[in-house]
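Taken in sequence, the protein lines are chains A and B.
Read left to right, the first sequence gives residues 1 to 329 (our numbering).
Read left to right, the second sequence gives residues 1 to 425 (our numbering).
It is worth saying that the hints were derived from the structure and are not from the lab.
Listed next, the in silico SDA-like pairs over lysine to any residue satisfying Cα-Cα at most 25 Å (straight line):
#1 36(B) - 25(B)
#2 211(B) - 323(A)
#3 217(B) - 34(B)
#4 265(A) - 307(A)
#5 217(B) - 9(A)
#6 177(B) - 145(B)
#7 316(A) - 258(B)
#8 5(A) - 307(A)
#9 120(A) - 189(B)
#10 3(A) - 258(B)
#11 386(B) - 273(A)
#12 17(A) - 305(A)
#13 211(B) - 295(A)
#14 3(A) - 211(B)
#15 192(B) - 128(A)
#16 265(A) - 322(B)
#17 192(B) - 115(A)
#18 3(A) - 259(B)
#19 217(B) - 4(A)
#20 192(B) - 323(A)
#21 177(B) - 123(A)
#22 211(B) - 248(A)
#23 418(B) - 406(B)
#24 193(B) - 128(A)
#25 316(A) - 217(B)
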Amino acid sequence: MMKNKIRRMINNMPLNKVRFWIQLSMFVLFAYGGYVLIDFGSSIPIFACPYNSETGATCYFMPLQHQLAMPANVLFGAAAISVLVGLLTFVAWFVVLNKAWCGYACPFGTLQDWITALRKKLGIRYGTYSQAQFEKLSKIKYIFLAIVIVIPLLMGVGVLGREWSGAFCQICPARVISPMFSGDFSQWKIDFSTVTSMILTTIGVLFAAVFFVGSFIKKRFFCFFCPMSALHYTMSDLSLLKLRKDGDKCTKCGDCYKVCDMQIKDIADDVISTNILRDDCMFCMKCVAACPEDDALHVDILNMRVFSSSKEGFAKRMGMDRLEKNDDR
Amino acid sequence: MTDNIKHTIETPKQKQNRHKAMEAVKVLNMIKEEFKEPPKAMNYFYDLFERVYCKQEPLHADKVKVGTMCIQIPSEIIYALDGVPLRLCNGFYTDDEIGSDLMPSKSCPLVKATVGHLASGNFSDKPDIIFSPTTCDQKTKAGAIVENFGYEVMDVDFPRTKESEESREYWRRSVRKFSHDLSHSLGKKLTKKNLQASIQKIGYAQTLYHKLNDLRKNRFVPILGKDMLMVTNAFFFDRIDNWITAVEELLEEIEQRAKNQLHAGGKISPRIVYTGSPPIFPNYKIPLIIEQSDAIIVADETCSSNRMFNDRVSVDEWFLNDMVDSIADKYLKGCTCPIFTKNNDRIRRIIDLVKSYHADGVIYQAFAGCQVYEMEQRSVLAAMEKEGIAILYIESDYSPSQQGQLTTRVEAFIESLKNRRRMKR
Ligand code: SF4
Ligand code: SF4
Ligand code: SF4
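One chain only, chain B, in its complex shape (with noise of 0.2 Å):
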């Protein structure tokens, strides 16, 4: 790819979209190439990545593209009125770097990445309209630094406590004006029908995750934790019904590799919950470095997958506002967001996926500058701690320099599970 610019001055753009095509490729090389036999139903995604990282191929062209600065604008609402959800949340390091200069020094990665990909406007799919959930404070003034590159961006009012009656009023009041200034701006009304195709699209879309994940819990582990990441990421961006075809397929591979006990990892491979700052393409970090040090990720608690797909939206009537109202309540009652003041759930929730995951420890990533990850950690510890459970926490960033300095913590984390595997045969 490089030796057609080669001859000519390479715009801004250009160099931008060569970095990032350099750090995909790489990313993309060792999750195909270094792990035995990935499952092949997963070169759908190896490709899609690929299509939209290194060729900057458009997914959308012919839709209204609605970005999102968080996983609380609902998708169900987003796909009835037509439009298609972006996550804009990214885990470039070229486009860290260009947020760098608008952010400060010491801000989340992932924010600095989204604020500078939006500054580039450098886009293969540019959304034409953006949401911005009042999340953690670095996301929710992004959303004003982000309004001034041209952008048209709307705040959309999210509770940082989510125990009181209070604020699940609030946070339905939110998400009815949400869908009111959306259906206004892409001049679709929402209606019963349309919801409801969307929400049980969704649905069918998480249950088949469900499916996947559960075939995690088995002793023999049919597919790695790499692959599950890419899947549900490219919920972020993929057009859903091919995303749908396509996990579907998997589903199927996946399915005949557990009957034959299909092993993914090795003899005493420890089993690992992962947790904390989303890793998100290219970002994949610590998860790679994790199962390549011979773990295996079994399940996550992180926004970019399985927070996701876990919670689901039930209806009991299904008219219009009442699905709109159980659409808010799944986006808050379930959210083990580490913004909200307290955060039990998000504790229970990992010390539920320890045991109905059988792992053996827990690998919990802050990025630096992700304020309430960090600030989270000594309760998440404490709380590990006393459950008996092995934790290891780590802090990284977007930059390629650290890698030896992680690689090594990580692997000595995984040989002492190993060794209590050992003890316990």
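Same shape as in the complex, but just chain A (with noise of 0.2 Å):
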């Protein structure tokens, strides 16, 4: 009965709210940890960008480029131990939440999550990207994951020099963004030491302002290119929280699909898939609170279910469970 009351009340939550409050908390957390010494080590599964001088903890691009940066006989020697430490340490973390770091905790995240807000605050309509553009898209956050691992590994064999330390980061938008937390703008530069970093820290400036406007129109727009969301891809299956999908309820409605920000087809239509998460997938949760097929769509601990679309929660979430009297036709 009790357990009936709470999961009812669960399924019931009115997730926008909730989310909304949680990626708060973990923005504050994450981008401002560092001034009350809050540091989650090097390995976290997210954007939290030590180039901010107060993050509470550090994306693991920036270690792991520098481990994989080092010449082959320290790092399967020497090395070896710390980094594979690293990496598991990586690996554990990113087990509790899967993808829901991306929609719950990473900084960058909910901070395009904010300029969407502001884009509603003003009466603007979202973009959407066409199929065609979509599958194009897609594929390019695996393009910035292959610079995040080959190039150092080609510095490590001595093909690549100096100046590509770092490569990615010297690219990523949130090395310029993310000190801009904790008021400093010093990383909107060009870099001219080497020709290099001045090409690689070029881009990075201008894909910082491209965030910016990018995510002003597009949901998540810089999400689509992360290539962090692509290294969470393919251990996905390792983790211990589920996006599930029991097709034989669906009926293919496109609720899910409709309020999905990454715009992924699949939630709505592949029928036959129970593990429903994709590699674009930000496990927002807000396909499960749009379904209004009873278990259709789930999140599940393990085996256990924690949260289920229901037609219950739908209709409270979408102000369908009773008429508002202000109605005034």
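Two chains, two frames, some hints: make the complex.
Shown next as structure tokens:
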């Protein structure tokens, strides 16, 4: 009885509000944790960028690029243990939240949602990609992931020089933008020390500028291109948190697709897969909240259901559970 | 009623009204009297049908009436623009006969009746403008026939595949155009405010329907299918606010009945999922035969009932264009109409209904002449067989003549389901 009550309460929750507050807390934690000496280490699976001096953790890509750039004998010798520990810590963090790191914890993701909120306030409608554009663009993140991994390796074997150090960080818009959280605008500049740095940091600054414009128009603009999201996807099967679908209960109405910021079509159209987490997904759970069929979509911790789509929850969230009496028609 | 007009010469319209009233009364009496204890709140609906179909009482004299030829014309938009949607799909044999002269002999009775009714021009609430979505061939062509009777008919392009991105875009464009056209002809602007209110109002009506429906999953079914059909059928033409109030009352009563474990059927009445061509008042022939033969319809998959209420509009950002697109998606993506090329969704839906409403079997009716339902019969039967679900396929039309033969077949099917139930015990 009690269990059912709690379950019903969770299924009926106003997800957007709940999510807003979680995101806000996480943002404070990761963007300003440094002020109170919070440090979650350097294997965090989100863009908690250390270029922001007050960050509460360090994005895993920083140490990863550094480690991969070590000469092979060091990488597989003296440093092997620390590299492995770094990776395992990363996986351990990831396993807990799966891609919900993106939807709930990444300061960079949250920032985009706030830009979206601003657009909404101004009464401007969002943009979408056509299906063809979507398919092309969604591959870019793997190219970025390759940059994160391959360039340091090439440095390690001596093909590329020191100026390529942290190549992805140099083009990463979070490097430029995150320090602004603590009032530091110094990353908005181009590094003229070498031609490579000049090109890379120019891309970085441009990317940061495009970030603001892009995410004003398109919800979660950057996440389509995020190499962290790509890395997540490679290990998402390991995670304890699952986004699942019961295709038999799905009417393919498309309500979930309609609210998905990432335009993931499979969420509505695939009635075969039970694991419905796709590479672009940020595990925001908006789809679960917008699905009007009981238990068609659900979030599980291993095999325990923690949040399910329900008719009742849907009606509550869409304001269809009662008539607005102030309706003057 | 016949007494007052005996001495005057009856005009064709009067004759039509008299015949239709006779059809209506017959069915209403059956619905009211031949079943044990209908819910009290159903009286609203019984009266409503009597007022409209026996006494030709207009309900919307003060409003612009927007006729719709199929389920796909979004009522959310019509209500937002202060019009009243009237679903023109018709169930009268009288009108079917009028339509027979205007359509090929092997056409669908529903389309014939709709065309016949429009040809007669005899309405208590006559549509001021008609929107005709290009769904099945017969409906599509009927639009043009109807136009010849002097109605203003607007075609609304509807795609016949629903999987592709192209069809989604195509339909979204159609719906945008529809709202534009309607707004133009009603001289009212679609706004964020009036559309949101209307989406939420219809959404609330759907919530009520779903709550009622959920109770039919119970072991003790508190309401019969024939009553549910009237409730949903009333949504075709009733004043929406009255409908909502009436259903709220009904829901309260049915919830109470469910608490008291009141069962509308018999001890081993088989539970039926009804699918196929839509039963529209007064053509409740098959549903009534089913429930008179000691079975209960616990759920249905038809465009006059479940399909009209099941799928809902979800909106992420309540902007006008987003709402219009959401509405469009709802009317296309979730639709299980047999006019689509492939229709696995309909099959999956029927199976899901059987499972979640614990049904013993499926009865599939196709109107003789309704090609798409007739064509889809094989695939549905094969799928049911694969799932081990008993199914009966029957063809029927609007004529009162085949009653006996239909009854025999339905009874035999229900008897076999009962035997299964007995064996399971
Ligand atoms: S610059 Fe980007 S990739 Fe590098 S540490 Fe910061 S967030 Fe991570
Ligand atoms: S909202 Fe639910 S029922 Fe609709 S398509 Fe998505 S999963 Fe299926
Ligand atoms: S699929 Fe669902 S959880 Fe993933 S991004 Fe889309 S709405 Fe969010």
